[in-house]
Amino acid sequence: MRILGLDPGLHRTGWGVLDEKQGHLSHVAHGTLTTCPEDPIPTRLLAIFEGLKEILKTYCPDEASVEEIFVNKNPLSSLKLGLARGIVLMTPAHAGIPVQEYPSTTVKKALVGHGHAQKEQVGHMVRFFLPKIQELSKDAADALALAICHAHMGPQRSLENRLKRKLI
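Using our numbering, you'd call the opening residue of the sequence shown number 1023 and step up by one each time.
No lab work stands behind these hints: they were computed from the structure.
Even for Gly, the Cβ is constructed at its ideal location relative to N, Cα and C.
There's no promise every hint is true.
Quick list of in silico lysine-lysine cross-link-like pairs, DSS-like style, CA-CA up to 30 Å [what the hints assert, rightly or not]:
(1) Lys1160 / Lys1075
(2) Lys1043 / Lys1075
(3) Lys1079 / Lys1043
(4) Lys1079 / Lys1102
(5) Lys1095 / Lys1154
(6) Lys1131 / Lys1154
(7) Lys1079 / Lys1160
(8) Lys1095 / Lys1131
(9) Lys1075 / Lys1154
(10) Lys1102 / Lys1043
(11) Lys1079 / Lys1154
(12) Lys1131 / Lys1043
(13) Lys1079 / Lys1095
The calculated label-pair distances, taken between Cβ atoms and stated as ranges, are [unchecked claim]:
(14) Val1134 / Glu1060: 32 to 42 Å
(15) Met1112 / Ala1051: 29 to 39 Å
(16) Lys1095 / Gln1143: 21 to 31 Å
(17) Lys1095 / Pro1059: 16 to 26 Å
(18) Phe1150 / Thr1065: 37 to 47 Å
(19) Leu1098 / Gln1044: 40 to 50 Å
I would like the entire structure built from these sequences, with the hints used as guidance.
What follows is the structure in structure tokens.
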């Protein structure tokens, strides 16, 4: 299975692609989509959308994972993050790719062992799981962490989905 992890942001959206086969993870690619803060918000959202479309076309992921939104102290920052997050959720869904959302505490617990780990600890564990990676921005590290979490949660997701189908 090829997994795309996405860490949404209006200025920087991190992305990471990995393959999971029989419990083994392998790094495919990662990067950061960056928008210009001086551009109008619609232009920036379009840039994120176009960048994600190119990533989907290039790497053909089977599933995507996105961090659930958190409440920011600044309402304007939360709104801008929500706009970018909407594009990040919609783009793979529009391409027919299932999208799973994870709270940051779940991602941290999957990688580090506890839900209140620091960003540096998460980055360290991403490098541990994917040791061939050379340079890694914080945004791309977060995106790869989401993909790793998604790979680890796979059997649980599959069981939950089977149970839901039988109960409904």
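Going through the numbered hints above, which ones does this structure break? Give me the numbers in ascending order.
5, 10, 13 and 15
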